[in-house]
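Chains as they are written, first to last, in UniProt numbering: chain F, 1 to 315; chain W, 1 to 283.
There may be inaccurate statements among the hints.
What the hints assert, rightly or not - Pulled a few chain W residues facing chain F out of the computed Cβ check, cut under 7 Å:
#1 GLY126
#2 ILE222
#3 LEU244
#4 TRP246
Stated by the list, open to error - Computed list of chain F residues with no C-beta within reach of chain W, every gap over 12 Å:
#5 ARG56
#6 VAL129
#7 GLY287
Honestly, the hints are just simulated from the structure, not real lab data. All C-beta atoms, glycine included, are put in the ideal place defined by N, C-alpha and C.
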Amino acid sequence: MTVIAFILRRCMLLVLVLIAVSVLTFAIVNVLPGDVATAVLGDMATPQMVEAVRERMGLGQPLPDRYFAWVAGILHGDFGRSLQHGQAIAPMLLGRLGNSAILGGITLAIAAPLSILLGVLAALRPGGVMDRVISGFAVGTHALPEYVIGLLAILAFSIWLPLLPGSSLMDPNENPLSRPEALILPIGVLVIGMLAIISQVTRVGMIQALASPYVRTATLKGLPRWKVVMKHALPNVLPPTVTEIGMYFGYVIGGLVVVETLFSYAGIGQMMTNAVSYRDIPTIQAGVLVVAAAYGIGNLCADVAALVLNPRLRG
Amino acid sequence: MALALPFPALQRRLGVGDFACIGFLLLMIILIAFGTQIAPRDPLAFDPMHSLEAPSAAFPFGTDEFGRDLFSRVIAGTQPTLLVALAAAALGVLFGTATGLVAGYLGGAVDETIMRVMDTLMSFPGLILAMLVVVMLGPAPMNVVAAIGLVFWPRSARLVRSVVLDLATREFIDSARSRGESRLFILTRELLPNVLMIIVVDFSLRVTSAILLSASLAYLGIGVTPPTPAWGLMVRDGQQFIELAWWLPVFPSLAIAVVSVGTVLVGERLRRSIAMPGGDRAR
Numbered sequence: 001m002t003v004i005a006f007i008l009r010r011c012m013l014l015v016l017v018l019i020a021v022s023v024l025t026f027a028i029v030n031v032l033p034g035d036v037a038t039a040v041l042g043d044m045a046t047p048q049m050v051e052a053v054r055e056r057m058g059l060g061q062p063l064p065d066r067y068f069a070w071v072a073g074i075l076h077g078d079f080g081r082s083l084q085h086g087q088a089i090a091p092m093l094l095g096r097l098g099n100s101a102i103l104g105g106i107t108l109a110i111a112a113p114l115s116i117l118l119g120v121l122a123a124l125r126p127g128g129v130m131d132r133v134i135s136g137f138a139v140g141t142h143a144l145p146e147y148v149i150g151l152l153a154i155l156a157f158s159i160w161l162p163l164l165p166g167s168s169l170m171d172p173n174e175n176p177l178s179r180p181e182a183l184i185l186p187i188g189v190l191v192i193g194m195l196a197i198i199s200q201v202t203r204v205g206m207i208q209a210l211a212s213p214y215v216r217t218a219t220l221k222g223l224p225r226w227k228v229v230m231k232h233a234l235p236n237v238l239p240p241t242v243t244e245i246g247m248y249f250g251y252v253i254g255g256l257v258v259v260e261t262l263f264s265y266a267g268i269g270q271m272m273t274n275a276v277s278y279r280d281i282p283t284i285q286a287g288v289l290v291v292a293a294a295y296g297i298g299n300l301c302a303d304v305a306a307l308v309l310n311p312r313l314r315g
Numbered sequence: 001m002a003l004a005l006p007f008p009a010l011q012r013r014l015g016v017g018d019f020a021c022i023g024f025l026l027l028m029i030i031l032i033a034f035g036t037q038i039a040p041r042d043p044l045a046f047d048p049m050h051s052l053e054a055p056s057a058a059f060p061f062g063t064d065e066f067g068r069d070l071f072s073r074v075i076a077g078t079q080p081t082l083l084v085a086l087a088a089a090a091l092g093v094l095f096g097t098a099t100g101l102v103a104g105y106l107g108g109a110v111d112e113t114i115m116r117v118m119d120t121l122m123s124f125p126g127l128i129l130a131m132l133v134v135v136m137l138g139p140a141p142m143n144v145v146a147a148i149g150l151v152f153w154p155r156s157a158r159l160v161r162s163v164v165l166d167l168a169t170r171e172f173i174d175s176a177r178s179r180g181e182s183r184l185f186i187l188t189r190e191l192l193p194n195v196l197m198i199i200v201v202d203f204s205l206r207v208t209s210a211i212l213l214s215a216s217l218a219y220l221g222i223g224v225t226p227p228t229p230a231w232g233l234m235v236r237d238g239q240q241f242i243e244l245a246w247w248l249p250v251f252p253s254l255a256i257a258v259v260s261v262g263t264v265l266v267g268e269r270l271r272r273s274i275a276m277p278g279g280d281r282a283r
């Protein structure tokens, strides 16, 4: 199978996934017990207020009609209006998606090579000092929520040692790259969160690869150790590792939501948690859909990257 | 207790690490059951004379802006934090096991339909799905349990299904079928006992993720409301005082850290005792 055919097939699958995701999102918002209007207004609302909101949000129409109207709007770039700000959701969503992509992209660019390196180092001598330090660190940080690591980082680097800003509070339209110092702590926290998972996946793959016959052959041929590891073992370890990285995008996105909230970074996650406190259901619904789409596209990219890295599947 | 199950590997002599794990579990059970009674002070009582006091002999973890004793709040917070996580993990694994058994054994269109629904559930990042469900159902512990259970359901179902697919081709299932046993019998008496070990291990992993997920939801202000002393919510509320009173966010954070690292280590030990097929510590 050629790369192009594979990508096309995965893209079609992605479209199906997105349709399913939109149906489920819509169903959770509209079919679960707990009426949207009541969720928007809170428990204190009078029946008249609930009725008014139902009217305004068009909740009286049949469910399928509302679903298709919602999807048709999205396909035309209309995500509805925010109940909190009264303005259209789409432009707000776009700007914040960009900000989140900057945060997530830089994190990935640092975390992926660094954690693969750490995983390889740990695998060179399983049970050795290096392995114990790296794997211990991984188990520890993996068990910590991002905000715990983040708060300790804020305490250490912004309060006790006032080196870095402890908050990335900014105007949502401002380019986050214009204040790089405000990005260091959030990215650092996200990188630590990712290191744990990827380094352990790499480590396991590398240990298996190093125990295989082709590595023994290469070693017996008299090749230097680094060459055996980098040229013979690593190319076989990378594809499954990249696939695994793709499968952990979900965790990364969850981490992004928490870290954005912690540092008041104007990304899509912070937009959603803000919307939660204002019961701004249309914004949350739009955010969930966009995040799920980003997750699906991220997975697709990882699969394609794994394919490109794997000479046997390239055909 | 779950550990008393007759796992063959547990018949070796118990070491220091095993007793540490048992001690940790006992401590957690005691704190969950009697946390509010053990706490030296009322975790909800305001005391304006002692607001925002640094840790001292009288207040080991300091006090918050209302003068509430943080040490008592952290102890009393064990229950609202952990009970939700345990229930959510149990719910997810229970539903996942049932679904995985049925899908894996029946196969065909049933399997196909069930697994496509599971795939859809898995197309959401866990935290996002849980967030949406709790926001729609409203802030209550049971709703958080349901939401996290929903996140775990497809993941457990996939795991159990993959094991059942393998088991279903074995001879003992064939012979049960030719004995004329009912589907229900084969599912519950033949297949279930064989996936039990994997379920136990899966549950131990899920507990840790459930603690992290529910604490993250609480930190985002979703699912619990003040004055419940849930640890995640305490971190959220304490964060605004971080420059003035570092102890407010730090001690609940440490409590989360200790418990989740503890459950990871217990799960790890459990997994190694049961010797999962192909199980490596990283998976």
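Okay, the hints, checked on the actual structure:
1. GLY126: holds, 6 Å
2. ILE222: With a minimum Cβ separation of about 6 Å from chain F (threshold 7 Å), the hint on ILE222(W) holds.
3. LEU244: Violated, because the Cβ-Cβ distance from LEU244(W) to chain F comes to roughly 10 Å (cut-off 7 Å).
4. TRP246: holds, 6 Å
5. ARG56: Holds, since 19 Å exceeds 12 Å.
6. VAL129: holds, 17 Å
7. GLY287: Non-interface label on GLY287(F) violated, nearest chain W Cβ at 8 Å vs cutoff 12 Å.
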